[in-house]
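Asker: Top to bottom, those sequences are chains G and X.
With my numbering, the residue at position 107 of the first sequence is 107, and numbering never jumps.
With my numbering, the residue at position 91 of the second sequence is 91, and numbering never jumps.
Hint data in this document are derived by calculation from the structure and do not stem from the laboratory.
Certain hints may be false.
Some chain X residues flagged as far from chain G (calculated, every beta-carbon gap over 12 Å) [unchecked claim]:
#1 MET15
#2 LYS22
#3 SER65
#4 PRO66
#5 ASN75
#6 ALA92
#7 GLY107
Below are the EDC-like pairs computed for lysine to aspartate or glutamate, each with C-alpha atoms no more than 20 Å apart in a straight line [what the hints assert, rightly or not]:
#8 X:LYS44 with G:GLU15
#9 G:LYS70 with X:GLU100
#10 X:LYS36 with G:GLU41
#11 X:LYS9 with G:GLU38
#12 X:LYS9 with G:GLU41
#13 X:LYS41 with G:GLU5
Every value quoted in this text rests on a predicted model; they were computed, and no experiment measured them.
Just so it is clear, CB atoms sit at the ideal spot from N, CA and C, and this is done for glycine as well.
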Amino acid sequence: TQLLEQSPQFLSIQEGENLTVYCNSSSVFSSLQWYRQEPGEGPVLLVTVVTGGEVKKLKRLTFQFGDARKDSSLHITAAQPGDTGLYLCAGAPGNQFYFGTGTSLTVIP
Amino acid sequence: DTAVSQTPKYLVTQMGNDKSIKCEQNLGHDTMYWYKQDSKKFLKIMFSYNNKELIINETVPNRFSPKSPDKAHLNLHINSLELGDSAVYFCASSQDSGGETQYFGPGTRLLVL
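Build the full structure now, drawing on both the sequences and the hints.
Answerer: Put into structure tokens, the structure is as follows:
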């Protein structure tokens, strides 16, 4: 079992559909980050959520931090082919940084 | 200018060889990292290093060793390569080690035959 479990592991949807990715842990985090990794590249930060219950929006992406700061979700509205990639949540409950298990998203035109 | 760069991008080598991967960041960051991404895309931290402290993930074999000639460079040396070392290795940097944004290099794809 990994510290940060993401679900689903794989997701293939049609362009225009909505989707939600979940990131769960039994540990409390002071903050959680979401990264997107495109094929052949390194991960790039999308957002950092800091406050329990916080909701942040980045265009069609909505990020939420759980009230207990143990989980987070990423919702994409009207997915586009450009959203295709590996989505990773990440955080440091102590002095070591952990990435989630990842969600591989494919948006079909 | 590339913020975090790694060389080589691809590395194919035989079992038992020793190899190094180089990483440079021009962001002026204090902390650098090495990650291993396996075939299932799981990204696992291997080392984090700043001027004061090296934090080693205890699961990393001692065949792997980070070497930092200066604050802008953190190279990864691997001794006696094994088949299971095949993976993509990412270097990253952040301003400090307190969970700030990490900036990743493009990765080095290592294949051990």
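Asker: Among all the numbered hints in the text so far, which are the ones the structure does not match?
Answerer: Of the numbered hints, 6, 7 and 8 do not hold.
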